[in-house]
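Put chain B on the given structure of chain A with help from the hints.
This is what each chain is made of:
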Amino acid sequence: MQAISSESLSKTYKRRFSNRNLVHALQDFSISVQPGEIFSLLGPNGAGKTTFLKILLSLTRASSGTATILGISIHNKKIRSRIGYLPENHRPPGYFTGQQLLSFFGNLSGIPRKVLHSRIPLLLQTVGLSEWQDMKVRKYSKGMLQRIGLAQALINDPDVLFLDEPTDGVDPVGRKEIRDLLINIKHQGKTVFLNSHLLSEVELISDRVAILDKGKLLRVGSVDELTSRGLLYHIGVESEIPESAKEELSAKVLKITYGVGTLAAELTSIGELNAVIDILRKHNVGITSIVKQRSSLEESFLNLIKREVAV
Amino acid sequence: MKVVALIVQTVRELVAKATLFVLAGISTLIILVVLLSIGSTETPEGVVLTMFSLPVSPPSPADKLAEVVSIMQAGFAGGLFVGVVIFGVFATAGIVPDTLEKGTIDLYLSKPVARWELLLGRYLGAVVVMLINILYFLGAIWVIIGFKVGVWNVHFLFAALSLTFVFACLFSLTLALGVLFRNTAIPIIGSFLHLFVIGGILEHRDQSLFLISENAVYRRIIDGFYYLLPQISAMQENVANLIMQQTITWEPFVQSFLVAALYFGAAVVLFMKMDF
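Protein chains in written order, with my numbering: chain A, 1 to 311; chain B, 1 to 276.
Just so you know, the hints here were simulated from the structure itself, not pulled from any lab data.
Careful: at least some of the hints might be erroneous.
To be verified - Sample of chain A residues lacking proximity to chain B, with all beta carbon distances greater than 12 Å (derived):
1. 122
2. 133
3. 179
Stated by the list, open to error - Quick list of in silico lysine-lysine cross-link-like pairs, DSBU-like style, CA-CA up to 35 Å:
4. 216(A) / 102(B)
5. 306(A) / 186(A)
6. 176(A) / 102(B)
7. 2(B) / 139(A)
Said to hold, decoys possible - Chain A stretches covered by chain B per the calculated footprint, using a threshold of three residues with CB under 8 Å from any CB of chain B:
8. 39 to 46
9. 58 to 69
10. 101 to 111
Small disclaimer: the values here were computed from a predicted structure and weren't measured.
By construction, the Cβ of each residue, glycine as well, lies at the ideal position given by its N, Cα and C atoms.
Excised from the complex, chain A in its bound form:
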């Protein structure tokens, strides 16, 4: 059973009284997320990330297509007792204290009072708000609001957690704490679905990533798959490479460039890498390191979006 599955999901917004100027927020969007994964959805503003989340949570109806969470149709209200959601720019009722807010959302989730009594202090501790549990939420800073929002999303101990920009407004220490928390949740066998602009963070914790633009799915894969730059290696060397070795290397390798104490080789197979090492060793060039080159997720993302714009 998949944690999240969508099939040909589309959402088109129409202008009132007119069929012109249709906005295709989501087009034929199909993905599946496995249980226990941290899955991130990336895309520029207006790509359709939040629309997809809202359809999954029945906040918005899809124009066509189907979706399930934990094998249950998203239209079945019961599924919402097994999920948690932190919306982007959420606005919890400010007249509650942090503790009252969690109690209220716990009641709405149908959690027995006894369970809430023990769970709320733990959650407040987890998100680092124990000290401020009796302060009115309206007095919370942006970072504190994100933390209490995360706590309310966890109040029902959900199997699937949806987070829309969870680290927005949180300081670096807080962001690290949230990342650790998400990894901990994943280790409990739960699924985390993340929408984020902070690609460096997504890269650190995500198992798989999907890139979305103008409502269309561009790519899905592991962070390794998306950031791999083919077989580009940087090889560190102890001494200068003799001209004879350079000639041999040029004959063997498609593209090679030399720097100080290093060479960069663009290869077509692992066999070629072994051949490069053999040539260097034959000419008594000591090897200090061999590093496979990758681009950052941000670079891969930007390249993909640029390519899409060019098409």
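Okay, now just chain B, sitting in the frame of chain A:
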């Protein structure tokens, strides 16, 4: 359980608003004035009700005193209703549009709570707050008059429930407008328009709108509008009759209940179809 949580939340939200404190403050002030001023004096012609030692009623025989007191109580209830409606509509008109705001509605609807439960909880919460306010004012006046004048008119207490019912009927219109327009201003304007202008004109349509034309279709349409809105002034009149122990017509209450149910139902249907 979920609806109860929503009622409690709404009560908490409204208590946090200054508007209701003003209403409670005005009520307290009037209660204190009544407490300090009201009394009765026996004269050879009968008992006279006094305020600040000045007579406010003609001398009545002891058995007629209850009647005089009930007229005074009807006046209190009428005055309170105007206050409750003005402050109540101002305080409560925003609770649904606020709930529907981006970032707030997402939090509610991501929980296993049905949309109709959410609306019902918010609606009942507002009505409960008004009931508490009305009971506080009328209850205090009832006790003061009971102790100081010796008249314990139980019908005056029933008026608290009736006035809350009247508010609930009006609030169903406010709620429906709030869902439809997703802002606070239009429900307030709509409710006040109905309360102070349209309701009165329709109530007395035979002396106003019917004079424009004798056409039967036109008059049916006007009648239709009348029956599609809660009959606030007719109910208010009946609440006064209830306090004064006179004959009551139930028809405006029944009709207003049905109309309120219709508005609430329409609000739920509309809410169910909304995308956020």
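| query | Taking each numbered hint in turn, which are not upheld by the structure, reported in ascending numerical order? | reply | 8
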